[in-house]
Amino acid sequence: MCLDDQILNTYLDGELAEPWKSQVEEHLSYCPSCRARYQKLVQLRDAVRDAALTDEEIAPRQERVLSMIEKNHLSKKSSQSFWRRHFRVSAPQVIGVAAAFVVVFIGSWAVFGGNKDNTIPLPELNTTIDLKNITPVRSTDNASTSKSLESYSLDEILKNLDARGYDVDIRLKSIQPLALDRLDSEVKDVARIPEEGITISSDGMARDDSGAIVATGVSLDASNQVVASDGTVLFSAEQVSLIE
Amino acid sequence: MEIKSGDELAFRRVYQEVFPTLMRVAYHVTYNKDVAEDICQDAFIRFYDKDMVFPTMEDAKFWLIRVTKNLAINHVKRKMRETASLEKVMKNPQINPFKDGQTEFILQESSAAVRKAVGDLPEIYRTVIVLREYAGLNYGEIAKVLKISESNVKVRMHRARKELGAMLDREEVNVP
Ligand SMILES: [Zn+2]
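Quick mapping for you: the protein sequence lines, in order, are chains H and V. Quick note on our numbering: the first sequence kicks off at 1 and runs consecutively. Quick note on our numbering: the second sequence kicks off at 245 and runs consecutively.
In case anyone wonders, no lab produced these hints; they're calculated from the structure. The structure displayed is predicted, hence computed values, not measured ones. Using N, Cα and C, we set each Cβ at its ideal position, and we do this for glycine too.
Every beta carbon over 12 Å from chain V, so not counted as near; a handful from chain H, in silico:
# : residue
1 : SER29
2 : TYR30
3 : VAL187
4 : ASP189
5 : SER219
6 : GLN225
7 : VAL227
8 : ILE243
A few chain V residues facing chain H, derived, Cβ under 10 Å:
#  : residue
9  : MET267
10 : ASP293
11 : MET296
12 : SER354
13 : ALA357
14 : ARG359
15 : ALA361
16 : ILE373
17 : VAL399
18 : LEU408
Build the full structure now, drawing on both the sequences and the hints.
Below is the structure:
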C-alpha cells in the first residue's frame, strides 16, 4: 500500500516515530510514485523557507525597536517596583533605613497584616506627625487601580495624592520577615492569577513570580474570587486558576 | 538558566536571541513589515513590564511567540473586518500587501509568490506553517503554543501544505 500525504508530511518534518519511520524509508526506496510526491513536498517546504523574511530585512527593525525600548522603558523603570522595594528588604536592612520606610494606606492593598507576635517592631519616625491632621486614604476606584499602582514609585504616589489634596497616612509598620512565613510548613499555594503572575497561598499571602509579597490577608471566597480582608474583590473568578 | 523578564541584562539577551524569530512570525502572519515591527515592540514591552520568571530561555521564547502570534492574528482579523466594510462601501479591489512600495529589497519572484500564498491561507493553516517554517518549532512546541493536540498539528500541517501546493501550482500556470 502506498503512503498517504499526511504520513509523508510527518516524515518530512522529522516527527514520524519508529517503526513507521523505517517502513516509510523502505517504501520510498522502491516506489517511484511515492518518491516523486515526497520530492514535491520537499521542494514546497524549501520554497516556503526560502521566502522567509531575510536577516537584512530584520536587522534595521531590530535596532530601531531596541533603541525605542531602551529610551522609553529600560531607563525609566526604577530598579525595583513599588511593592518589591518594600517587601524584599531584609529585617536588619529595614531597621537601618527605618526613617525612610513607610507604608501608605490605600484601600484594600494595605499590607503587612498577620500575626503581631511574629513581627519585629521598628523605631519610630523622627518627624513629628500630628495625628489630628491625618486621615487615612482609601482608593475610591475598583480593584483594577491596584494594577497600575504597582508601576508607580512611592514618591510618585505621595506626590500624586498630595496634588489631589489628600492627607496621607504615613506610618512605620512592623515587619514580618519573609523567612518566617516560609517556615510555616502548612502553607501551600491555593490559586494563581496567570495574567498577573501572582500566586495566592493558604496563609493569605499574594506573591509574584519572584516570590515577593504583593498583598496579605487575601483569600478565596465561595465563588472563587480573590478577595481582600475587607471583602473587596481583587480578581474575578475568570482571572483565577485554582491549584489543587 | 532562569530568565527574569524584567531584568535588563536578561531582557537584552532574550531580545537579541528571539527578535528575528518574532519578526518572522509577525511578518508571515500579517505580511506587513511595519505592522510586524510594531507587534514585536508591543510583545517585548509586555515581556519586560510583566516581570515574569521563566525556567529557561526556551520558555521565554515560547511565551513571546505565543503573544506575538496572537497580536498578529488579531491585527489580521481587525484588518479583514475593516477591509470588508470598506469594500462594501467603495467596491475597492483587495489591496495587495506585496506591492506596498517596499523596494528596499528585491525579492525573488518565487518568494513573492510563496509569501502571497502563505498570506492567503486560512488562519488555522497559516499559523502552523509560520510556526514550523519561520519559527522553527517542532510539532510538540507548536501544539503548546497553539494549545491544540499534536495530532491536530499533524492534520493541519498536511492540509496547509496541500493548499499551499495547490495555490502555487495555479500561480505557476498563470505566470507567462
Ligand atoms: Zn508508493
